[in-house]
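A.B. asks: Below, each chain spelled out in residue letters.
2 protein chains.
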Amino acid sequence: MKDEELYDLAEFFKVFADSTRIKIISALLERELCVFELAEIVGTTQSAISHQLRILKQSHLVKFRREKTTIYYSLDDDHIKDIFMKGREHIEEISL
Amino acid sequence: MKDEELYDLAEFFKVFADSTRIKIISALLERELCVFELAEIVGTTQSAISHQLRILKQSHLVKFRREKTTIYYSLDDDHIKDIFMKGREHIEEISL
DNA sequence: TTTATATGTGAACAAATATTCATATATAAG
DNA sequence: CTTATATATGAATATTTGTTCACATATAAA
Numbered sequence: 073m074k075d076e077e078l079y080d081l082a083e084f085f086k087v088f089a090d091s092t093r094i095k096i097i098s099a100l101l102e103r104e105l106c107v108f109e110l111a112e113i114v115g116t117t118q119s120a121i122s123h124q125l126r127i128l129k130q131s132h133l134v135k136f137r138r139e140k141t142t143i144y145y146s147l148d149d150d151h152i153k154d155i156f157m158k159g160r161e162h163i164e165e166i167s168l
Numbered sequence: 073m074k075d076e077e078l079y080d081l082a083e084f085f086k087v088f089a090d091s092t093r094i095k096i097i098s099a100l101l102e103r104e105l106c107v108f109e110l111a112e113i114v115g116t117t118q119s120a121i122s123h124q125l126r127i128l129k130q131s132h133l134v135k136f137r138r139e140k141t142t143i144y145y146s147l148d149d150d151h152i153k154d155i156f157m158k159g160r161e162h163i164e165e166i167s168l
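One line per chain: the protein sequences are P and Y, in this order.
Per the working numbering, the first sequence starts with residue 73, numbered consecutively.
Per the working numbering, the second sequence starts with residue 73, numbered consecutively.
Honestly, I wouldn't trust all of these hints.
Just so you know, same-sequence chains aren't split out, so a pair can sit in one copy or run between any two.
To be verified - Taking lysine to any residue pairs in the SDA-like style, the calculated list, with each CA pair at most 25 Å apart, reads:
#, residue 1, residue 2
1, LYS140, ALA82
2, LYS129, GLU104
3, LYS74, CYS106
4, LYS135, GLU109
5, LYS153, ARG103
6, LYS158, ASP90
7, LYS153, THR141
8, LYS74, PHE108
Treat the hints as calculated values from the structure; they're not laboratory data.
The whole structure should be built from the sequences, with the hints applied where relevant.
C.D. replies: Structure (structure tokens):
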């Protein structure tokens with residue numbers, strides 16, 4: 073595998089490697105949510121969420137739809153859930 | 073899911089989120105390797121590899137066995153390969 | 001015990017990154 | 001056009017993190 077591909081792969085995993093973003097992903101596993109709701113659930117500011125959503129969009133982890141002034145975000149891809157779950161499994165197993 | 077679990081999950085993904093470590097993981101998908109070999113393959117110093125291997129050990133991503141003065145590292149868990157592969161699939165799909 | 005080889009580690013520096021704050025933009029309603 | 005609401009963004013700051021360098025440790029052979 074080429075160095076460049078491996079670099080991109082590391083960049084991709086960086087997106088999961090932050091607790092704010094992983095909380096956003098976790099919340100979106102349940103249902104689509106707007107920025108305001110995400111801020112409440114995650115427990116941070118609207119601005120912080122918006123910054124992180126930009127990263128999640130750029131990495132194609134979330135998609136969104138607009139409804140009047142509200143923008144609803146949801147997970148873009150089934151791989152996201154798969155990877156999230158595999159991570160959970162690993163953590164469960166090592167803590168047995 | 074609890075905040076603490078989500079925090080741990082983000083910590084876990086941080087391990088994949090660095091190009092040196094992902095190169096180490098990629099190399100170990102093929103076969104077990106010693107520190108010196110890893111340094112050559114990855115293209116960095118023995119010290120840098122050793123530092124990163126410590127992180128990989130702490131996260132239970134690699135295991136090792138000693139043979140005289142040489143220490144051979146290998147992947148510890150099938151989840152590692154699964155997660156690696158899912159990441160690859162995602163990247164392939166978004167670049168189509 | 002001395003020497004050689006392989007690996008581990010602490011401190012320091014540089015680079016990357018998340019949040020905060022203030023402000024900007026976008027959409028819809030009046 | 002003005003106002004209200006929801007979201008986005010730029011700059012600054014603080015924190016985290018990876019590598020380098022020098023040195024320490026571990027194992028085995030002489």
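A.B. asks: The structure should be examined with respect to each hint, and the outcome stated for every one.
C.D. replies: Now the hints, each set against the structure:
1. For a Cα distance limit of 25 Å, the shortest separation of LYS140 from ALA82 qualifies neither inside one copy, at 37 Å, nor across copies, at 33 Å.
2. In this homomeric assembly, LYS129 and GLU104 come within 25 Å of each other (Cα to Cα) only inside a single copy, at 14 Å, whereas the closest approach across copies is 37 Å.
3. For the identical chains of this complex, LYS74 and CYS106 are inter-copy neighbours only, at 21 Å across copies versus 38 Å inside a copy, given an alpha-carbon limit of 25 Å.
4. Only within a single protomer do LYS135 and GLU109 lie at most 25 Å apart by alpha-carbon distance; the minimum there is 16 Å, versus 42 Å between protomers.
5. For the homomeric pair LYS153 and ARG103, the shortest alpha-carbon distance inside one copy (13 Å) is at most 25 Å, but the shortest distance between copies (29 Å) is not.
6. Proximity of LYS158 to ASP90 under the C-alpha cut-off of 25 Å is found in both arrangements, the shortest distances being 17 Å within a copy and 19 Å between copies.
7. Neither within a single protomer nor between protomers do LYS153 and THR141 lie at most 25 Å apart by alpha-carbon distance, with minima of 28 Å and 42 Å respectively.
8. In this assembly of identical chains, the alpha carbons of LYS74 and PHE108 lie at most 25 Å apart only when taken from different copies (20 Å versus 41 Å within one copy).
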